[in-house]
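Engineer: Protein sequence lines, in the order shown, are assigned to chains W and H. Using our numbering, you'd call the opening residue of the first sequence number 15 and step up by one each time. Using our numbering, you'd call the opening residue of the second sequence number 8 and step up by one each time.
Some hints here could point you the wrong way.
To be verified - Within a straight-line C-alpha distance of at most 30 Å, the following computed BS3-like cross-link-like pairs (lysine-lysine) qualify:
#, chain 1, residue 1, chain 2, residue 2
1, H, Lys115, W, Lys38
2, H, Lys115, W, Lys92
3, H, Lys103, W, Lys82
4, H, Lys115, H, Lys52
5, W, Lys92, H, Lys86
Stated by the list, open to error - Just a few of them, taken from the derived set where beta-carbon distance is under 7 Å, the chain H residues facing chain W:
#, residue
6, Phe18
7, Ser39
8, Pro51
9, Met55
10, Asn62
11, Gly102
12, Gln108
No wet-lab data here; the hints were simulated from the structure. Here the structure is a predicted model, which means the values were calculated and not measured. C-beta atoms are modelled at their ideal positions from N, C-alpha and C, and glycine is treated no differently.
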Amino acid sequence: DAGVIQSPRHEVTEMGQEVTLRCKPISGHDYLFWYRQTMMRGLELLIYFNNNVPIDDSGMPEDRFSAKMPNASFSTLKIQPSEPRDSAVYFCASETGSGELFFGEGSRLTVL
Amino acid sequence: RKEVEQDPGPFNVPEGATVAFNCTYSNSASQSFFWYRQDCRKEPKLLMSVYSSGNEDGRFTAQLNRASQYISLLIRDSKLSDSATYLCVVNREGGKLIFGQGTELSVKP
């Protein structure tokens, strides 16, 4: 299996622009998680899905953030409009429910 | 107060030393527990699960105390390659996985 695949690996954008991050989970994994990591706040859970249904989005910072999972093999995290404080590494992870998360390599976002 | 709290570190130890990390969690309904390892600029990876009876994997020993809501990780005979950030993870009911801030370990020759 190819593992969790995220794109883009790096993105630099200007404040106010829309950012879309993409994730392909491991086939057969029922859970998909979006995390954000910064030096100050560590790994923060933004939202997670079970069988494509959002279960808990209480970690989504504000209305500028949205996430979708239209099918079992694809999810997006969108930020519109982006702000400099959104700069972070965004990780997507999937798992079967065992607690062993498999992470993608992350998308490093810089908002100028 | 954060739901999962860890020693902030960094821990700087010589090769061969024994080092222990602690983690506390606030939600008594938490169901399962894990230690993850994250290398610099890489994604986190599972190191080991933590069971109530305690469990060992080579030089690594994990302990859980449900009454005190406390988890620990002990590394014996530390190696240079153990240098990383160690993350305590708690699995809440419904599958929600919460990470601690992480403890940085640096093993020196």
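Engineer: Each hint should be assessed against the structure and marked as holding or not.
Structural biologist: Against the structure, the hints come out as follows:
no. : hint                  : verdict
1   : Lys115(H) to Lys38(W) : violated (38 Å)
2   : Lys115(H) to Lys92(W) : violated (42 Å)
3   : Lys103(H) to Lys82(W) : holds (18 Å)
4   : Lys115(H) to Lys52(H) : holds (23 Å)
5   : Lys92(W) to Lys86(H)  : violated (41 Å)
6   : Phe18                 : violated (17 Å)
7   : Ser39                 : holds (5 Å)
8   : Pro51                 : holds (6 Å)
9   : Met55                 : violated (10 Å)
10  : Asn62                 : violated (14 Å)
11  : Gly102                : holds (6 Å)
12  : Gln108                : holds (4 Å)
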